[in-house]
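Visitor: Here is how the chains run, residue by residue.
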Amino acid sequence: MINPRLLRAALPFLSLAVVLGATFYVQPRTMSYFGLNLMLQYAVPIALATIAQMFIITVNDLDLSIGPFVGLVGVIAATVLNGTPALGVAALVACVLAYGLVGALIHLRSLPSIVVTLGLSFVWLGIAVMILPSPGGKAPPLLRSIMTFSVPYVPFPIVAAIVIGAIVHLALMTTSFGVIARGAGGNPKALTRAGWSMLQTRVVMYMLAGLFGVLSGLSLLGLTTSADAHVADRYTLYSIAGVILGGGEFIGGRVSPMGAVVGALTLALAGAFLIFLRISPDWQIGAQGAILIVVLAMRALITSREARS
Amino acid sequence: MTALRARLATLPWLWSFAAAVLVWGLAATVTGGRGAGEILTSALAFGTFTVIVGLGQMLVITTGPGNVDLSIPATMTLSGVIAMKVMDTESARILLGVAAALGASSIVGVVNYVLIRLLRIPPIIATLSSSFLVLSTAISYGRGLRIKPPPPLADFATVRLGGLPLVTIAILILSLLIALVLKRTVYGRTVAAIGQNERAAWLAGLDVRRTRFITYVLSALLAGVCGILQSGFSGGAALNMGDDFLLASIAVVVIGGTSVAGGRGNVPGIWGAALFMFLLVTMLNIFGASPGIRLVMTGLIIIAVITAAGGETQTR
Chain A
1 MINPRLLRAA LPFLSLAVVL GATFYVQPRT MSYFGLNLML QYAVPIALAT
51 IAQMFIITVN DLDLSIGPFV GLVGVIAATV LNGTPALGVA ALVACVLAYG
101 LVGALIHLRS LPSIVVTLGL SFVWLGIAVM ILPSPGGKAP PLLRSIMTFS
151 VPYVPFPIVA AIVIGAIVHL ALMTTSFGVI ARGAGGNPKA LTRAGWSMLQ
201 TRVVMYMLAG LFGVLSGLSL LGLTTSADAH VADRYTLYSI AGVILGGGEF
251 IGGRVSPMGA VVGALTLALA GAFLIFLRIS PDWQIGAQGA ILIVVLAMRA
301 LITSREARS
Chain B
1 MTALRARLAT LPWLWSFAAA VLVWGLAATV TGGRGAGEIL TSALAFGTFT
51 VIVGLGQMLV ITTGPGNVDL SIPATMTLSG VIAMKVMDTE SARILLGVAA
101 ALGASSIVGV VNYVLIRLLR IPPIIATLSS SFLVLSTAIS YGRGLRIKPP
151 PPLADFATVR LGGLPLVTIA ILILSLLIAL VLKRTVYGRT VAAIGQNERA
201 AWLAGLDVRR TRFITYVLSA LLAGVCGILQ SGFSGGAALN MGDDFLLASI
251 AVVVIGGTSV AGGRGNVPGI WGAALFMFLL VTMLNIFGAS PGIRLVMTGL
301 IIIAVITAAG GETQTR
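In order, the protein sequences belong to chains A and B.
Numbering (this note's numbering) for the first sequence: 1 to 309.
Numbering (this note's numbering) for the second sequence: 1 to 316.
Among the clues, some could well be false.
[Said to hold, decoys possible] The following residues of chain B were derived to be distant from chain A, with all beta-carbon distances above 10 Å:
{"id": "1", "residue": "ILE125"}
{"id": "2", "residue": "LEU161"}
{"id": "3", "residue": "LEU174"}
{"id": "4", "residue": "LYS183"}
{"id": "5", "residue": "ALA192"}
[What the hints assert, rightly or not] Which chain B residues face chain A? A few, computed with CB under 8 Å, are given here:
{"id": "6", "residue": "VAL110"}
{"id": "7", "residue": "VAL114"}
{"id": "8", "residue": "LEU115"}
{"id": "9", "residue": "ARG117"}
{"id": "10", "residue": "SER130"}
{"id": "11", "residue": "THR137"}
{"id": "12", "residue": "GLN196"}
{"id": "13", "residue": "PRO291"}
{"id": "14", "residue": "ILE306"}
What the hints contain is simulated information worked out from the structure, not anything from laboratory work.
From the three backbone atoms N, C-alpha and C, an ideal C-beta is built for every residue, glycine too.
I would like the entire structure built from these sequences, with the hints used as guidance.
Guide: See the structure below:
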């Protein structure tokens, strides 16, 4: 019998392998540098948004505003940042600080993060609509060239995803701050008694989420070249789904950065796979829900086996 | 003064009504009193739909932290689409359509509970995952032409009795019933008990599983009712008809004085909050605010209200 712990850690990678194998089977021509590049191009912004969501989930909260936030970043970058770079950078920094402020507010008043971030999603969307009432704007050339950068042999999205996953893994899983941050999700009381500031931890985690949200918005704009306030509305769901597919737990600070990136790749690939299967676009969202439920069911099975052994 | 404050603390729903009256007054001042009655009537008409889903969401939230039903918008859409398609504009098929729509809604509630129970996942994730499937079902089933509601249903959803919309009166009665259920029945007391301390409720011999099951099915059923009525009111079902109701259903519960931490539900507050939310948008419209400003203000006010009410949950 395989060790259930090992099985659970391998589940995200197995899911990715299954989806990848199925895609190659249905459409063998995708098994190429060009094919993978095309299928996975949106994996980078999704992976960055997933990492942002993972930081929030680490401290037992949930961010329902990340999608509109990614949209807002795109809007700022395509208008202000493109026109007056200094002002644009200041606006993006303000966005990250706003995330930290929200984290502080949620912590100090012990508010439910779902309600606050749901309200916040309206604020982001409103600001984005005010700056750019209808789709338009233009991506700064630098972003465009970064996102279309081509690496020999291995498609760029895969390289980028591995680099992102590795950096966050090092920061969250191997540093002492990472241990405290994950502990904040596991047992905040114990850490407070040990003298760590939970306020500070939460604020830093929220600001990290804001930072990765900004990166996600910038990379998405590099691909789409023009901005739209609503372009990333689905990202809230994608990011939560990505963390789940990647083996993260919602309570207890048990998260996995590599898993989250793999989960995002799986999601991006699942979209392409469903198109190859000629599943009607009506069932696109539904199929993603079904994938989520299947993965969660498998994990429940593994957990119950773990409890028995 | 302290006695008054203590009395006010037992009536958390007063705040939402006070806020509604304040916003109404502001709007009426700007128009110079013209149309103040009409504003209130339309607030009641539109607010009623939010109240229906708010009642279900309130029951779910009262069963404790982490319990939120995110599948309400998708369930509304599914119910509206099924009702319109089964009725097919024929008055004789109204009952059949209602039965089909509510049957489908209750299946969503059962599925939600099964996911929470079998997969042991937080209700947020369970209802989110199921909502994807529900929405896809609605999109796939409802593809094609927009079907008008049969005239009697449209009349029922829009007619007014002495200035009050008929639906508002019906939902007022339903609210009274739910308030009674919450206060006086074993089921209602169990909902509150689970929200306060699930383990204690279980040790006291209360049927936690059955109560939770009923709660999720009720929430889905109320979303279904709202979907049918909304389709009747606005001349048919639309695939995005549930979109506004995700934030609204949670916001009216929270603003209405129900404890987000669970264990303390509040029915009258939902009415005050629903009126407040609609009047707020009306006021911003009268002020000539752009859609962007309206969105920002709605978001900020919800955050402000939850911040003001948030400290109270800790003192329990």
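Visitor: Which of the listed hints are not met by the structure?
Guide: 1, 6, 7, 9, 12
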